[in-house]
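Student: Listed below, chain by chain, are the residues.
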Amino acid sequence: MASGNVSTVYISVIDDVIAKVREEFISYGVGDAVLNELQALWEMKMLQCGAISGNIDRARAPAAPGAGGGGAPGAGSTPPVHDLNVPYEATSEEYATPTADMLFPPTPLQTPIQTPLPGTEAGMYNIPTGPSDYAPSPISDMRNGMAMNGSDPKTGRPSPYMQPPSPWMNQRPLGVDVNVAYEETREDPDRAVQPPQMTKDFLMMSSGKRKRDEYPGQLPSGSFMPQQDGNSDEIVEFVVSKDNAQQVWNSIMNKQESATKASSTQETTMTQVLPQRDGIQDEYNDQFFFPGVPTEDYNTPGESSEYRTPTPAVATPKPRNDTGDDDDDEPPLNEDDDDDDELDDLEHEPDEPNTQHLVLAQFDKVTRTKNRWKCTLKDGIMHLNGRDVLFNKASGEFDF
Amino acid sequence: MATFELYRRSTIGMCLTETLDEMVSSGTLSPELAIQVLVQFDKSMTEALENQVKSKVTVKGHLHTYRFCDNVWTFILTDAQFKNEETTEQVGKVKIVACDSKLLTQ
Chain A
1 MASGNVSTVY ISVIDDVIAK VREEFISYGV GDAVLNELQA LWEMKMLQCG
51 AISGNIDRAR APAAPGAGGG GAPGAGSTPP VHDLNVPYEA TSEEYATPTA
101 DMLFPPTPLQ TPIQTPLPGT EAGMYNIPTG PSDYAPSPIS DMRNGMAMNG
151 SDPKTGRPSP YMQPPSPWMN QRPLGVDVNV AYEETREDPD RAVQPPQMTK
201 DFLMMSSGKR KRDEYPGQLP SGSFMPQQDG NSDEIVEFVV SKDNAQQVWN
251 SIMNKQESAT KASSTQETTM TQVLPQRDGI QDEYNDQFFF PGVPTEDYNT
301 PGESSEYRTP TPAVATPKPR NDTGDDDDDE PPLNEDDDDD DELDDLEHEP
351 DEPNTQHLVL AQFDKVTRTK NRWKCTLKDG IMHLNGRDVL FNKASGEFDF
Chain B
1 MATFELYRRS TIGMCLTETL DEMVSSGTLS PELAIQVLVQ FDKSMTEALE
51 NQVKSKVTVK GHLHTYRFCD NVWTFILTDA QFKNEETTEQ VGKVKIVACD
101 SKLLTQ
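Chains as they are written, first to last, in UniProt numbering: chain A, 1 to 400; chain B, 1 to 106.
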């Protein structure tokens, strides 16, 4: 088996080390006795680990004066496990790699271009470059929303990354509806936290696809309203009758208008949009207000059909554009990393040498195509199934 | 000559480390000298792998985790298969730690 070669190599290494440190020992005034003790202890431990076989050891052993005679070849060996993991557990990894750069370059390019039109690109941009890799879209959204309470949660998202928020505002006459919804969320700090994602994603969807083509004529545009309604729902809850509901709605709309006026540029577009919304909501009122629970029903049609579905869809595509097909897996990836670390920690506790398989090597090249990883390694020491195996070259193909 | 401390985590390196630790603890060896031995081990192990080992290995498996930090690649494979001329090893989970070979040639 390979063990023969391995032990030969190991013994040569031991001999080489002992021979080459001898001068050092002498210069330090340490006698050969200490050096021999070192070699004897070392080889004895190696025998106990089963890293070198007793037979081969003895064959070459003559050179080694103090070679342990009766090393138990038992499998029980020192667990290299714990030390190994500690230094390499460093968490932040991917972006630092040249390969990662290779993977992600499209993102920065796309972001500046597409961001002005749809919010989607900004979201995409956020995920990879976000403050913490571990926090995919949700957390970053949360943070952005929190930080950007003063401004639209929607724009708030990209703004930290896109320094000029104002261009967004100016450039999006079409996105008026979107802005309104966001502004409403602005006003309510509580809502700003949760809804932002929904609205953002939704908007992104709308902006990307519907804005120019479908948006103007279709009811779906009214779907934007429900979000706004969601903000106003609290008020609506007090109202029982249709008329009252509409009045409340109108008052809400007025508030929105005032809010939008704050962002002066988009007022006109806002006003235009508002009547449509009212009309749509009137329909909703007829259908849902009678049942007695206007607010919930109200939101559900819009959210269930369009809001919710677009959100996850948007969230996933973002990473896709960045890195490719793998991206769907990215959020789980990070989670797995954590889990994996935990598993490692668990494994450290019980000393089970055979359960820890480890490869120590040098890499020549690591490449990735989609989820297909290829790497070429050299000069490696593998510890597999309790045995050491050495290799000069190794090629790996992994599916992520 | 630049060397990696990587191989100190191998079986032979751990045995040496333990030995040195014991000898330093017992006072028979000075810490400075122990470090010298470890540095020499880094060199000797690297040279031995370059010059004495010729086997080639192919690795296949599911890549569970990858990370690249400080020029060190770490892969965690699940259901990995290691093949060389002599044998095939199947392991449920394995960690691969690899330093950049170019750092040694510089």
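Heads up, a few of these hints could be off.
[Unchecked claim] What the simulated footprint calls covered on chain B by chain A, stretch by stretch (three residues with Cβ under 8 Å from a Cβ of chain A suffice, anywhere in the stretch; the number is not a length): (1) 25 to 39; (2) 50 to 63; (3) 68 to 77; (4) 93 to 100.
[Unchecked claim] Keeping only pairs whose Cα atoms sit at most 30 Å apart, straight-line, the calculated DSS-like set for lysine-lysine is: (5) A:LYS20 with B:LYS83; (6) B:LYS60 with A:LYS374; (7) B:LYS93 with A:LYS365; (8) B:LYS43 with A:LYS393; (9) B:LYS43 with B:LYS54; (10) A:LYS20 with A:LYS378; (11) B:LYS56 with B:LYS83; (12) B:LYS93 with B:LYS60; (13) B:LYS54 with B:LYS93; (14) B:LYS102 with A:LYS378; (15) A:LYS20 with B:LYS54; (16) B:LYS54 with B:LYS83; (17) B:LYS83 with B:LYS43; (18) B:LYS54 with A:LYS378; (19) B:LYS43 with A:LYS374; (20) B:LYS56 with A:LYS378; (21) A:LYS378 with B:LYS83; (22) B:LYS83 with A:LYS365; (23) A:LYS365 with B:LYS54; (24) B:LYS93 with A:LYS378; (25) A:LYS393 with B:LYS93; (26) B:LYS60 with B:LYS102; (27) B:LYS60 with A:LYS378; (28) B:LYS43 with B:LYS102; (29) A:LYS20 with B:LYS102; (30) A:LYS393 with A:LYS365; (31) A:LYS374 with B:LYS102; (32) A:LYS393 with A:LYS20; (33) B:LYS56 with B:LYS102; (34) B:LYS56 with A:LYS374; (35) B:LYS83 with A:LYS370; (36) B:LYS93 with A:LYS374; (37) A:LYS370 with B:LYS43; (38) B:LYS56 with A:LYS393; (39) A:LYS20 with B:LYS60; (40) B:LYS83 with B:LYS60.
I should point out that these hints are in silico values taken from the structure, not numbers from a laboratory. The C-beta atom is built at its ideal place from N, Cα and C for all residues, glycine as well.
Student: State for each hint whether it applies.
Tutor: How the hints compare with the structure:
Check on the stretch 25 to 39 of chain B: 7 of its residues sit with their Cβ under 8 Å from a Cβ of chain A, so the three-residue criterion for coverage holds. Chain A is given as covering the stretch 50 to 63 of chain B, and this holds because 13 residues of the stretch bring a CB closer than 8 Å to a CB of that chain, at least three being needed. Only when three residues or more bring their CB closer than 8 Å to a CB of chain A does the claim for the stretch 68 to 77 of chain B stand; here the count is 9, and the claim holds. With a cut-off of 8 Å between beta carbons, the stretch 93 to 100 of chain B has 8 residues touching chain A; three or more are needed, and the interface restraint holds.
Annotation: proposed proximity of LYS20 (chain A) to LYS83 (chain B) is violated, straight-line Cα distance about 35 Å (limit 30 Å). With a C-alpha separation of about 9 Å, the suggested pair LYS60 (chain B) and LYS374 (chain A) falls inside the 30 Å cut-off, and the hint holds. For the suggested pair LYS93 (chain B) and LYS365 (chain A), the alpha carbons sit about 22 Å apart, so the restraint of at most 30 Å is met. Between LYS43 (chain B) and LYS393 (chain A) the alpha-carbon distance is near 19 Å, which keeps this suggested pair within the 30 Å criterion.
Restraint check for LYS43 (chain B) and LYS54 (chain B): the C-alpha separation of about 18 Å stays at or below 30 Å, so the hint holds. In summary, the hint linking LYS20 (chain A) to LYS378 (chain A) is supported, as the alpha carbons are separated by about 25 Å, within the 30 Å threshold. For the hint linking LYS56 (chain B) to LYS83 (chain B), the alpha-carbon distance of about 8 Å falls within 30 Å, and the restraint holds. Distance hint between LYS93 (chain B) and LYS60 (chain B) is fulfilled; the C-alpha atoms sit about 12 Å from each other, no more than 30 Å.
With a C-alpha separation of about 25 Å, the suggested pair LYS54 (chain B) and LYS93 (chain B) falls inside the 30 Å cut-off, and the hint holds. For the proposed pair LYS102 (chain B) and LYS378 (chain A), the alpha carbon gap of about 11 Å is at most 30 Å, so the pair holds. For the given pair, LYS20 (chain A) sits about 24 Å from LYS54 (chain B) by alpha-carbon distance, which is consistent with the 30 Å threshold. At most 30 Å may separate the alpha-carbon atoms for a hinted pair to count; LYS54 (chain B) and LYS83 (chain B) meet this at roughly 14 Å.
Distance hint between LYS83 (chain B) and LYS43 (chain B) is fulfilled; the C-alpha atoms sit about 27 Å from each other, no more than 30 Å. Between LYS54 (chain B) and LYS378 (chain A) the CA atoms are separated by roughly 10 Å; this keeps the pair inside 30 Å, and the hint holds. Taking the CA atoms of LYS43 (chain B) and LYS374 (chain A), the gap is about 28 Å. The hint holds against a cut of 30 Å. At most 30 Å may separate the alpha-carbon atoms for a hinted pair to count; LYS56 (chain B) and LYS378 (chain A) meet this at roughly 9 Å.
Restraint check for LYS378 (chain A) and LYS83 (chain B): satisfied, since their Cα atoms lie roughly 15 Å apart, inside the 30 Å limit. For the hint linking LYS83 (chain B) to LYS365 (chain A), the alpha-carbon distance of about 19 Å falls within 30 Å, and the restraint holds. For the hint linking LYS365 (chain A) to LYS54 (chain B), the alpha-carbon distance of about 19 Å falls within 30 Å, and the restraint holds. Distance restraint check for LYS93 (chain B) and LYS378 (chain A): the Cα-Cα separation of roughly 20 Å lies within the 30 Å cut-off, and the hinted pair is therefore satisfied.
A threshold of 30 Å between alpha carbons decides the hint, and for LYS393 (chain A) with LYS93 (chain B) the separation of about 21 Å falls inside it, so the pair holds. Using a Cα cut-off of 30 Å, the hinted pair LYS60 (chain B) and LYS102 (chain B) holds, with the two alpha carbons roughly 24 Å apart. For a cut-off of 30 Å, the pair hint linking LYS60 (chain B) to LYS378 (chain A) stands: about 16 Å separates their Cα positions. About 16 Å separates the Cα atoms of LYS43 (chain B) and LYS102 (chain B), which keeps this hinted pair within 30 Å; it holds.
For the suggested pair LYS20 (chain A) and LYS102 (chain B), the alpha carbons sit about 25 Å apart, so the restraint of at most 30 Å is met. Using a Cα cut-off of 30 Å, the hinted pair LYS393 (chain A) and LYS365 (chain A) holds, with the two alpha carbons roughly 12 Å apart. Restraint check: the Cα-Cα separation between LYS374 (chain A) and LYS102 (chain B) comes to about 18 Å, which is no more than 30 Å; the hinted pair holds. The straight-line distance between the Cα atoms of LYS393 (chain A) and LYS20 (chain A) is roughly 27 Å, inside the 30 Å bound, and the hint therefore holds.
With a C-alpha separation of about 19 Å, the suggested pairing of LYS56 (chain B) with LYS102 (chain B) holds against the 30 Å cut-off. About 15 Å separates the Cα atoms of LYS56 (chain B) and LYS374 (chain A), which keeps this hinted pair within 30 Å; it holds. Note on LYS83 (chain B) and LYS370 (chain A): the hinted pairing holds, with a Cα-Cα distance of about 24 Å set against a maximum of 30 Å. Restraint check for LYS93 (chain B) and LYS374 (chain A): the C-alpha separation of about 18 Å stays at or below 30 Å, so the hint holds.
At roughly 37 Å between alpha-carbon atoms, LYS370 (chain A) and LYS43 (chain B) are farther apart than 30 Å, so this suggested pair is violated. About 5 Å separates the Cα atoms of LYS56 (chain B) and LYS393 (chain A), which keeps this hinted pair within 30 Å; it holds. At roughly 38 Å between alpha-carbon atoms, LYS20 (chain A) and LYS60 (chain B) are farther apart than 30 Å, so this suggested pair is violated. This hinted pair checks out: LYS83 (chain B) and LYS60 (chain B) have alpha carbons roughly 9 Å apart, not beyond 30 Å.
When held up to the earlier numbered hints, the structure conflicts with 5, 37 and 39 and fits the remainder.
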